[in-house]
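Engineer: Listed here are the chains, written in short residue letters.
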Amino acid sequence: MSANGVPEVLKNSMSVESVKALSSFKDEPGWLTEKRLDAWRTFEELPMPTLRDESWRYTDISDISPADFTAYAPSPDVTSEDDLPSAVQKLISEGEKNSALLVQHNSETTFQRVDEELARKGVIFTDLHTALREHEELVKERLFGLVAEDYDKFAALSAALFAGGSFLYVPRGVEVEVPIQSYRWLDATGATMPRTLVVVEENASVTYIDEYASSGTEDDEPALSNGAVELYVGQGANLRYVSLQNWGRNVLHFNTIRSETGKDATINSLVVALGSELSRTNVDAGLAASGSDSEMLGLYFADSNQVLDHHTLQDHIAPNAHSDLLYKGALRDESLAVFSGLIRVEPGAQKTDAYQTNRNLILGTDDAMAVSLPRLEIQADDVKCSHGSTTGQVDEVELFYLMSRGIPRREAEKLVVFGFFGEVTSRIPLRGLKEKLDRAIEGKIGLGFEERVA
Amino acid sequence: MLNIEGLRIEIDGQEIVKGLDMEVGTGEIHAIMGPNGSGKSTLSNVLMGHPRYDVTAGSITFRGEDVFELEADERAKLGMFLAFQYPSEVPGVSVANFLRTAVNSVREKELSPMEMYKLIQEKMKIMQMDPKFAERYLNEGFSGGEKKRNEILQMLMLEPKLAIMDETDSGLDIDALQVVAKGVNELRGPEFSAIVITHYQRILRYIEPDRVHVMLDGRLVTSGGKELADALEEKGYDWVRQEFGAGTHS
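Residue numbers (the working numbering), protein chains in the order written: chain A, 18 to 471; chain B, 151 to 400.
Rather than coming from a laboratory, the hints here were simulated on the basis of the structure. Model, not experiment: these values are computed from the prediction. Check each hint, because a few of them may be wrong.
As the list claims (entries may be wrong) - DSBU-like cross-link-like pairs, simulated, lysine-lysine; straight-line CA separation at most 35 Å:
| id | chain 1 | residue 1 | chain 2 | residue 2 |
| --- | --- | --- | --- | --- |
| 1 | B | 259 | A | 453 |
| 2 | A | 453 | B | 268 |
| 3 | B | 332 | A | 114 |
| 4 | A | 461 | B | 332 |
| 5 | B | 332 | A | 431 |
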């Protein structure tokens, strides 16, 4: 896990040579090397998305060239939790209590710990490279199964050059009470490409939190984060998955999170976007078996010239499944938020129950823009589906009402914004996480807002 | 306590209040009666500092301060309170959280959570409100009566020096009206003044005014003791229009 021995070619921009070097550096099995090379070809073949592509109509990435980033960013050696960067230690101490922990620093996993009790129950939680060595069959069966290299250009890049990442396996019937947490920390200017693979077997349950953070500012050299998250939830199982993106302002973040729920399985996802310069996250829930249930929550807060883009899919393949999506975002300054959500009910998915709501709150500016595109595509006739979207300013009359009770303008605005997000945060049963989000929201409301609203 | 001189108010370029003078002394209860559209609500909103009205002339001093120099929260801290005719709904903010924030904003020293809890419970009891009410989101899904009780609850919590009640009685049944009046009378004393704005004389049976003013077409056209309210009840606003209205039009 050290920077030593990193092949020279990985210190350059991306190429087929870096794919070969990475796979050999990680001593990977032949099938994976082949897979990576295939994926690299797919990446090269696929054109960069432009504003002419339906799913990239509002998010301009024409000046981004992912392959120009260094393929691999090494990390310092760590032998104990105390050696981690102090900022990471702070994140850990402020976060949810955890029963297993993994820290990925740049392209490498530098620290991991699993409570003995979990290990005894057969829970596996480790970086993907270790998992490939120690549990190859478990990983091989499912890696790339949900986020395949042909999903899009960024998924292809992830398959070709992922490094670090995490693998969580919860065996049948095991209920993990205390959340499992991974942190991705970045202080290099290259690329970080973690992949998350979660397998929750029949009737098992677990909460898993993926947190992305760094301290870079907009004045730093740009860095690339390109992730893929595959979530398999077995029959009757329950997964609560949180993706918390709070990168520094020099990071470009691309991530695709896809889940598949078995019969009577439940997934509760929460996708938070606060940081980065530009963030594009695809969240797809595949309801592949009857009785499965997907709750999809989203929270984003864009400021300055941030672009935060979410594309969601509630894919009802099987009958009698339920999905409920609520994405709420606040915008200020000159930011752009894009939400595009599709409920797709496939033929035969009768008795589908699907809801989708997106709400945006614009804080005291005419320069921010929220694009909200809810869509339905229904090919079954006995279904209950609804969608809705609203975008509005903070209501001056509402503020006046609060202020008339002695509450200063700033506090009144805070109440309105917290109230707005409360509809999402009140549905998260994780106290530490909720407090973290509250602090982040408060920070975002912060300085400068008062003048803009007045 | 409150002194209004030559007040003129416009909304969207249309003059609503057309030169109004009024003085409310410490400990006095004034009633302003008038038909719909006479400018009563405009006056009360402007007193509190509503952002959508333009004051084109005149002055308002409250406890010696020029209120136009003060934001709504500063007016509240100085002891002014408006019971709104149509209070805003604030989703996601509980009544308890709102009351806590408001009370701690106007007080010099913050209350401890326990003191706050006790105070809310005590005042809710006066207003005959279910304790569960405190956990509901502010005015969201409240019935008309619940909104009005909630306004008076806020008044009891904040203990203002001057309460302006904008048609708090409208839409209330007699039981609710009595509860609201009880809340107001709870604060009544030598240090508490109020302006009760109403269309009807009914509420004045429970909150007895020291002075009654009649408002018509943006002006106070006549003032008197509480017997003026009785005369209005008996003769109606047409009588006022005939008596005071004609000459005021140009």
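Engineer: A separate judgement is required for each hint: does it hold in the structure or not?
Structural biologist: Now the hints, each set against the structure:
no., hint, verdict
1, 259/B <-> 453/A, "28 Å, holds"
2, 453/A <-> 268/B, "30 Å, holds"
3, 332/B <-> 114/A, "50 Å, violated"
4, 461/A <-> 332/B, "44 Å, violated"
5, 332/B <-> 431/A, "34 Å, holds"
The structure fails hints 3 and 4 (numbered hints given earlier, in ascending order).
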